[in-house]
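S.K.: All chains should be built: construct the whole structure from the sequences, respecting the hints.
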Amino acid sequence: MALNKENILFIDNYLKKSEVVFDDLRLELVDHIASAITLKMSNEDLDFYDAFKSYMVENKKEILKAGMVNQKVNLKLAISKFLNFLKLKGVIVFSVVLFFLASNTFKASLIPYLPAFQSTILIAIMAFTIIWITVFYGILRKRFFVLENNTFLLYIIFQLFNFSRMLWENNPEMEFYASLSIGLLIVLYMFFMCKSSIEFYSKNKDLYAIG
Amino acid sequence: MKNSQLYKGSLNTIIMKLLEEKGRMYGYEITQKVKEITLGELNITEGALYPALHKLEAEGLLDVEIEKVDNRMRKYYKLTEKGATETVNRLAELEEFIKNMQNIVNPKLSY
Chain A
41 MALNKENILF IDNYLKKSEV VFDDLRLELV DHIASAITLK MSNEDLDFYD
91 AFKSYMVENK KEILKAGMVN QKVNLKLAIS KFLNFLKLKG VIVFSVVLFF
141 LASNTFKASL IPYLPAFQST ILIAIMAFTI IWITVFYGIL RKRFFVLENN
191 TFLLYIIFQL FNFSRMLWEN NPEMEFYASL SIGLLIVLYM FFMCKSSIEF
241 YSKNKDLYAI G
Chain B
141 MKNSQLYKGS LNTIIMKLLE EKGRMYGYEI TQKVKEITLG ELNITEGALY
191 PALHKLEAEG LLDVEIEKVD NRMRKYYKLT EKGATETVNR LAELEEFIKN
241 MQNIVNPKLS Y
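The listed protein sequences correspond, in order, to chains A and B.
Here our numbering is used: the first residue of the first sequence is 41, the next is one more, and so on.
Here our numbering is used: the first residue of the second sequence is 141, the next is one more, and so on.
For the record, the hints were derived by calculation from the structure and aren't laboratory data.
Being a predicted model, the structure only gives us computed values, none of them experimental.
Glycine included, C-beta positions come from ideal geometry on N, C-alpha and C.
Treat the hints with care, since some could be wrong.
[Stated by the list, open to error] Just so you have them, the derived chain B footprint on chain A, three or more residues with Cβ under 8 Å:
1) 41-50
2) 65-73
3) 144-157
[Claimed, not checked] Below, computed lysine to any residue pairings styled on SDA-like, alpha-carbon distance capped at 25 Å:
4) A:Lys243 to B:Val209
5) A:Lys182 to B:Ala192
6) B:Lys148 to A:Glu102
7) B:Lys215 to A:Phe240
8) A:Lys243 to B:Lys148
9) B:Lys215 to A:Asn44
M.R.: Right, dumping it as structure tokens:
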């Protein structure tokens, strides 16, 4: 016996209220609970609400554990995905060419602007974050764990950028190369996030239509 | 999961082996299949299964297909090409581990 739309909505709302905030995690858990309840209803001759109650009494802890996000694992995954992106031929060529041009051809003209570099990167990150929030929360109204687990690493790289500038504050040469390297890393990371999001969106258009 | 520490290390290999045999499976189906094969002895919990599936997906070993089934969306997992190769390696490693364990725990059986 298949569950009706109201039953599915009930499970979805229950998980939302239990703080399973990511749509992709919730989608899997709704299907998991619905499959288990369907079996329970037919095996034990229960109605939907009794079967749901009985199932959740036994499994709530594990279900909610599956809906939580482990930051340590996420960070490891984000690093591993970004490293794979950095190995792409196009990315390597782009980085080498940009680094070469900036450190040779444009070095003299870039150095006077070093003090403004930090705020430029900060503005770029803020603009990126605002666009991200507008698109995903405002327009698409969906939150996906596979995309949001990348955001944390962006802020770590930015802190690394700030730290490196503090470290070489009195050494303009080192400050230039540190700013250039980590600034480039930040730009690449934002590009990586855009690329991952667009790929995810193209592959999972159905997910944006649900709920 | 029963006898957690012993089984935990093999969870990814168990998932990959099942996917190798069945082609594609969804989360609940994996838990039920494991229960069926082990006659109820091994129960993979949701809290262990889904993080493992997401990790394998992020590592590029699994691919995902989403379909609408009975008024809800269902996420199917299947092995990628890289995942299929990795499954062979991990199964060989697991078999070797079991053989070594057997030699240690019960040396007589190895003859």
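S.K.: Identify every previously stated hint that the structure contradicts and give their numbers, smallest first.
M.R.: 3 and 8
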